[in-house]
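Chemist: Chains as they are written, first to last, in the numbering used here: chain A, 197 to 858; chain B, 1220 to 1527; chain C, 798 to 935.
Don't read these hints as lab results, they were simulated from the structure.
Accuracy of the hints is not assured; some may be wrong.
What the hints assert, rightly or not - Using C-beta positions, here's what the derived DEER-type ranges look like:
1) B:I1456 x C:K885: 48 to 58 Å
2) C:A808 x B:G1491: 31 to 41 Å
3) C:G832 x B:A1315: 33 to 43 Å
4) B:A1315 x A:I741: 21 to 31 Å
5) B:D1290 x C:F874: 46 to 56 Å
6) B:S1450 x C:I912: 48 to 58 Å
7) B:G1491 x C:K885: 25 to 35 Å
8) C:S883 x B:N1329: 48 to 58 Å
9) B:D1290 x C:D833: 50 to 60 Å
10) A:S829 x B:S1458: 29 to 39 Å
11) B:E1514 x A:G794: 26 to 36 Å
12) C:D833 x B:G1285: 40 to 50 Å
13) A:M246 x B:K1246: 52 to 62 Å
14) C:S883 x B:K1246: 33 to 43 Å
Unchecked claim - The calculated lysine to aspartate or glutamate pairs, modelled on DMTMM-like cross-linking and capped at a C-alpha distance of 25 Å, are:
15) C:K885 x B:D1480
16) B:K1313 x A:D687
17) C:K885 x B:E1481
18) B:K1399 x B:D1436
As the list claims (entries may be wrong) - Which bits of chain C does chain B cover? Going by a derived footprint, with three or more residues having C-beta under 8 Å, they are:
19) 799-812
20) 838-844
The C-beta atom is built at its ideal place from N, Cα and C for all residues, glycine as well.
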Amino acid sequence: MKALIYKEIKENLKFWGGILGFGILLVVFYTIENNYRSICNRDFLAWTTMGSIIAGLVIGFLTVKETFFKQWEFFLHRPATRTSLFMGKIYGGLILYFTVTGIPFLLAAAWSAIPGNIAAPFVWRMILPGTADILMGTSFYFAAVLAGMTIARWYWSRLTGIALASVCAAAVNAVPEFWQALLAVIVADAVLFAAAWGSFITRGTYKRQPWISKTALSICIIASLVIVQCIAVGIIFELAKDNNRYRSSETVWENYRITRKGKIVKIKRKSGHIISITDMNGIPLSIEDPSGSSNKNSQFIDYRYISSRFWSPSYREYSRYIGTFGLYGSNEHYYFYLKHKGYIAGYSKETGHRSFTAGPEGFFFNGKNPDTQFEGPILNQPLLDFGILTYSNGVYTIDFQHKEIKKILGQAEGDGPLLHFLKVDANNSFNYIGVSANKIYVLSKDRNLLFSAPLKHSIKEASIGVGMIPPEKYFIRYSPNFYSNKKEIQDCIIEVDSEGKTIGRYMLPPLNINNKIYEQKKISSLFGIVFPPGSVLALKAGAEIIRASVTDPYTVYHFSLLDKAIPLLFYIVSVISGLVCAGINYMLSGVYALDKKGRMLWSVWGFLMGITGILLFLVLYGRLIRFACAFCSKKRVPNRKQCEHCGKEFPQPEPKGIEIFE
Amino acid sequence: MDEYIINANDLTRYFGKRCVISSLNLKIPRGCVFALLGRNGAGKTTLIRMMLGFLEPTRGSSAVFGCDSMDLTPEIRSRIGYLAEGHNVYGWMKIAECESFQSSFFPSWNHAIFKKVISHFDLDPSSKVRELSRGERAGLCIALTMAQDPELLVLDDPALGLDPVARRSLLESMVYLTQKGEKTILFSSHLLSDVERVADRISIIDKGILRTECTLDTFRRNISRIVLHFSGPPPDIGSIPGLLHSFTTENRITLALFGYDENTEHTLKKLGAEKTEKVPLSLEEAFISYLREGEQKSFFSENSGDIS
Amino acid sequence: MTVEITISPGATLPIYKQIINQVQLAIVNGILVKGDRLPSVRSLAEELVINPNTVSRAYRELVHDGILEFRHGQGVFVAEKRQIFSRKEEKRRLERAIEAFLKEVLFLNFTHTEIIKALETRINQVNPRNTGKGGHNG
């Protein structure tokens, strides 16, 4: 085994290893130089992704190059099991792969870790995205091994593994957490490894593979067929879609608004136009409209909502590890918020070293760190918010030019930490809203506290909006959001004064929000043909998972409406198409002379996977060759001793001439 | 089971619609030097590949040392030396590296044999494989196979592309191997003079069908050539039992016959030839006649007797 | 004395028969005499680059015909001088040689008497002992 691993490495290291490694090294340093996001910057990560994919594919093909150079039999004929030969190749290939990708990467990480090379702090967890990419490349490695092994019936069937590896690459890039990326890699690798192993030990034929490899290979093929199907369905969908097909133009939207005179009204809208204005109880009102516009919107004050939408950066974002401030304030420094330390650091662009730090008490120089810290992560992204930083223990303005920090809002007596703080865009004179668990704080454009008031419902339970009629009339609007228990949260508007004292409370009758945004269109049932029962079940399961993990109520709400928009006929068509495909598979497997168990199995796959199930069968079993039986004249397959119709064996071939046997 | 090293049963292989090997039954006895003969494309390499587990048969099975070919255990593979068609090895390796690579796998590696064969072919252990000529590469492969000290040696067209000296060295290696106890050799070849030197038994595959499997001697004995001289133009041959092929010219018929006995003699007498001559045949002539069964050629020059 | 055996594969005569012929001729010509040891099967096979079984077969037939004898543990030796060829075979060989000779000389401008005289002269020069009958059974 050792000799084999050694040979594998030696065979490919000098030339290919050198080229790949060197190429990757060059690109890697090119992309991190002068980029303050160092090994988490997008270009670098794009290259770790591409580099890993290319290295994986190249080394994977190199691993099985005996198949291209006719050395296959020389390689296989030795006293070792095929599995051990396979493992020897894989170990050698993976060692080579990790050398070629890992060494440049680690060098880059080490280089950026050295203070002074990059004008930014370095946190070791920043290697996570690059590591995930390198690990993801192994799935392309196995996919290339599989592609090199499979006797391709049609050219694209060589690429089935690569399709699955691409899904893995997409997942690694898209998921928010590192452990999820790792999981995607492990799953893809397990499937591709099993498929590659099975193909290796039988040199590409399907029938003799162990069941685990057959399953893995089928998964790869299904993945690529599903991708093709999705693209096809998506194209059809786009072409057939009428923009308003699912959004009914008949939808009527209702909401409560406050007029500039302070009156609360209920308005109804259709197709963007106001169609009625009534009071809270539905009695129509007439509103003067000096402007004469049919919209009548300008008569109402606007609420500004503070949402509980917490956005957490994915593990691939730099800001996951270190908060960034970008360039504003100074052309000489980059500024960062070190979450794990709780203070801000400024790095000189010229020297690359840290010039100063800043904490709640102010700026510190000459290598000193602040005594007190900011608490918690930044509650909003300050890039757009000039000079405002929000932490759990307060809101600060920071002036990088004059190196000053000022607290504008702190944790009040008896109140908990701030949960959210937002700059809102308003033509009123309030520009900032902050909430804690119990209180709401509203600040003016000049960052002075206009008022603070106790919250009737927390931001997790209800949607909170603030409206204002200058000079001192304030309204807080509460309405249930998707998570609200509707029995407890009622639409209401609370009027407060500048002390935060409640001066008016208006309970509002519930709005009709069950609009039929998505109408059931009978024609959508036709899609049941391309969504066999198995995919319907999978989609439903996927939808449930998304629903459980997504926190955005808007998306979830629309999900449930979409669900209701699917007509029953769709499911019926789906089941019928499943049955038809099951029948086709049953017939096909009979023609290919599979045994009873095989036929039943393939019928089940046909039912669950529909057209994909049929295609899977054809890909795995290939072209059918049949000959007329000498006895019963029916067509029979050549690989069975007995004819599947009459049971007679193949006759001995006609002698081509005189035969001599002794 | 022990008597036969390789046992093939109803082996059949299709490539698409084309049947390359058809219901082939073959038993190769232990200790035999067995030659696999046939025209190009007859299916010899396919057969060898199936017997050694590199190709799955469409139907039928074969066993080597009692073990099914598709499931040859590592232990059994260590007893088989295989020289695949084309003499392919890793081009980037040096000869010495080839040896260390192979010897790490085969437990009974004999370095002395390797050295001997290498020097026989005049090879330098430090030269790279891709620098070697065809014949030198063949020599390397032969050395690698022999040094395994195998019980069964399978050689697929080993003399292809070899110069006469290299071919001789190959034959010497084969003879050397037969001297060392009960070793079996299975080889395919087109060079019948070489086959005649070393083979005990031969088999002939014709378009995927096994037509002959017997000793060399039996094959030769059974095929004979008869020349019939006539005073005038020769008559039509008609049907003669065992006729392989005929060549008719102005006043002569040359016949290649299988199994010459009284019946045949009697039938030939009926043709009324002036003189009947039985001409001896070399192995190559016998082989060609055998594979040309059914051919009836004639040659009549335009101006008979005219020498211009 | 030792015998030089050569074979040509691809000839119309099987190899083992070629060996047999050469051994027989060597004995007939006196190159091999009674008691001479022939090369072992292995060494001859290696020298001629042929299958040892072929050599064995040739030796076996010669032993069977009594021309060679097998001494256990020592090898194969030339046996008592015996009739190598059967009478029939001898007659056949003579006839064949005569045919070949006549094919060569009948073209030339000699009378029959001249030819026979030349033959007689030469045969007495080469093999003076064998003028009459003798040396083998009838």
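Chemist: Indicate, hint by hint, whether the structure satisfies it.
Modeler: Hints, one by one, checked against the model:
| no. | hint | verdict |
| --- | --- | --- |
| 1 | B:I1456 x C:K885: 48 to 58 Å | violated (33 Å) |
| 2 | C:A808 x B:G1491: 31 to 41 Å | holds (33 Å) |
| 3 | C:G832 x B:A1315: 33 to 43 Å | violated (51 Å) |
| 4 | B:A1315 x A:I741: 21 to 31 Å | violated (59 Å) |
| 5 | B:D1290 x C:F874: 46 to 56 Å | holds (52 Å) |
| 6 | B:S1450 x C:I912: 48 to 58 Å | violated (30 Å) |
| 7 | B:G1491 x C:K885: 25 to 35 Å | holds (29 Å) |
| 8 | C:S883 x B:N1329: 48 to 58 Å | holds (49 Å) |
| 9 | B:D1290 x C:D833: 50 to 60 Å | holds (55 Å) |
| 10 | A:S829 x B:S1458: 29 to 39 Å | holds (32 Å) |
| 11 | B:E1514 x A:G794: 26 to 36 Å | violated (48 Å) |
| 12 | C:D833 x B:G1285: 40 to 50 Å | holds (46 Å) |
| 13 | A:M246 x B:K1246: 52 to 62 Å | holds (58 Å) |
| 14 | C:S883 x B:K1246: 33 to 43 Å | holds (39 Å) |
| 15 | C:K885 x B:D1480 | holds (22 Å) |
| 16 | B:K1313 x A:D687 | violated (85 Å) |
| 17 | C:K885 x B:E1481 | holds (22 Å) |
| 18 | B:K1399 x B:D1436 | holds (24 Å) |
| 19 | 799-812 | holds (count 7) |
| 20 | 838-844 | holds (count 3) |
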